[in-house]
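*Asks:* Taken in sequence, the protein lines are chains A and B. Heads up: the first sequence runs through residues 1 to 167, numbered per the working numbering. Heads up: the second sequence runs through residues 1 to 506, numbered per the working numbering.
Quick caveat, the hints were computed from the structure, so don't treat them as lab data. Hints may be right or wrong, so weigh each one.
Said to hold, decoys possible - Here chain A is said to cover these stretches of chain B; the calculated rule only asks that three of the stretch's residues, wherever they fall, bring their Cβ under 8 Å from a Cβ of chain A:
hint : segment
1    : 187-193
2    : 214-224
3    : 394-400
4    : 426-435
5    : 458-470
We put the beta carbon where it would ideally sit given N, CA and C, even for glycine.
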Amino acid sequence: MRRGEFVTAGLLAVLSIYMMWKSTELDIGYISGEGPGGGAWPFWLSAIILICTIIIAINGVRRTSPPSQSDEPVLDAEGRKALVQVFGGIFVFVALIDIISMYGAMMVFLFYYLWFLGRHSLRLSLIISILTPITFFFFFEGLMRITMPKGLSFTDPLYNWLYSIIY
Amino acid sequence: MEILSLLSTGLLEALQPVNLLLIIIGVTLGLFIGMMPGLGSVNGVAILLPITFLVPPASAIIFLAAIYYGAMYGGAISSITLGIPGASTAVATTFDGRPLALQGKASLALVTAAVASFTGGTVSIVLFTIFAPPLASVALSFGSPEIFALMLLAFATFVGLGGDDIPKTVLSICLGLVFAAVGFDEISGAPRLVFFDMTGFMRGINFLVLAIGVYGIGEMLWTIDSTRGKITQTEAKISAKGVLRDARTSLKLGAKGMSIGSLLGFFVGILPAAGATPGSLMAYGVAKLSSRDPESYGKGNPDGVAAPESANNSASTGSMLPMLTLGIPGSPTTAILLGGMVIWGLTPGPRLFSDQPAFVWGLIGSFYVSNFFALVINLCFIPLFIWMLRMPFTILAPMIFVLSVVGGYAATLSMHDVWLMLIFGLGAFFLRKFDYPLAPAVLAIVLGPIAEPTLRQSLLLSSGDPSIFFTRPIAGPITVIAIILILLPLFKKLRDRFATAPAKGT
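From just these sequences and the hints, can you work out the full model?
*Replies:* Structure follows, in structure tokens:
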């Protein structure tokens, strides 16, 4: 945790410097007759962020904040595995949306989570992962008229058929 | 008298079939959301906000307010039956609720929680009805400097009263404000902070992308990591018998806690940043301190359940007061509601009362109706909720992730924002691990678009002289209070240092 405290503060410091640099694309001073320039607000706020990260680092050195006193790892082996499996699953889910459509990706993700991570029975996993996208489809596309991504063109026949039910 | 006629119109509006149905669904959903460990009113409202675009704004906010109410009731259920607070607002309820359940008095504890929630809700709604219109009419005279001073006060309360690490709180606020500035500079129209020149950032960062990222994904990852996904099954049981008897007992034994919680909760709830969690903890503390038998607290005193439960409901109504009258939210949940109102095309703030009376009074009317239904549904369905509590977390978690991704996409119709939401979620998970408070960032991204223009207009008015925030009769005192709040932690530190120095000398 102790090292993580410094790494986090360091990353936030880099982000704040980047945001300060980005803000200078607009005027950061006072323009007479116009008020503060467009970059002033984000520039000075990012500067405050930078100062905060420095104070956080100093507190870390002085061991006054709880994370800087702890020698526990940020994530132990089990935690790392859970994070990779869960967040990795969500990441793949979102990546699949543009390929096999929102509803297809949802089905794959639910099945992966329920069957592989949750160790539920094959029957329950299949029922939930098939019924959920169908419910979502009729709710979003039918009731709320919000179109979700349909993926690559090979999904067209299926969606044309589904749309013929709604319209 | 005028208030009464407006209120009765509002009640009729809330009792329209569509709204009534939404209230019942919302309260039921809220009870369930509040009960699930790891999910609170703020998660529910953030994740479900995108799907309310289907109904008119008045019905949408009634639905979300009903969820908010339900969640306040629901938090107690898992606190009592599992000993795990369903939401941070119900932490104090575990102190005495859990011992009561272990003594076989789970029914008494649950009924006390429900009755106390109802009392807290009712008292606060009456206070709300009395205080809101005059406050709104005073606030009508506010100009840019006054509004900016109020924003400053909202952020200052986080720093002064939030109780988290100060530099981390300030950092969180500033991060939210800078994210709110992404997109276009409203005054010059020039693109601003377009990160890595990606066109997706031209549209700015929608507050929902941050809110769902933090509360839908980050918080869930954190729950999975901290509990190792082992929050499941419970053998809690309750009989429908004796509910009436328990209600009478709870009124007798918990009356004092209820009155303390109802009043204290409302006024703590009004303070931005304070909200229901500190409100319920303070009510518990005051009830214990003023008790003739403080020793019985923590061992199963019904007063220890009644005080925090009435306070968290009372505070949730209280936090709506500054949101509707001044346009500053009193809690993260109301911050999200405020953002929703902007999407629905309503301008929160004092003008709302004069421009949209039907909306405002319909909402206030719905508080009364929601509160009543929350009590009825809670009492009727306690056995059902306990059954649902046995739903394995490994089914709930993927459902929430799916809702987050779909909700995030539905809100902005952009895959760029879905990816951004994932990044925020992962970032929020790690920041949470290192004790960075994230509610201030969500509040800030909602308030940023109000804070920046009012600051710039004020400075334009005064030709760049910041003393404008001190010299105006209303802005001046607010700014001074805000500065005192910001400096409060510093004073405390200095006092501690002086207090320990002589001790070391001896």
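*Asks:* Against the earlier hints, flag every one the structure doesn't satisfy and list their numbers going up.
*Replies:* none
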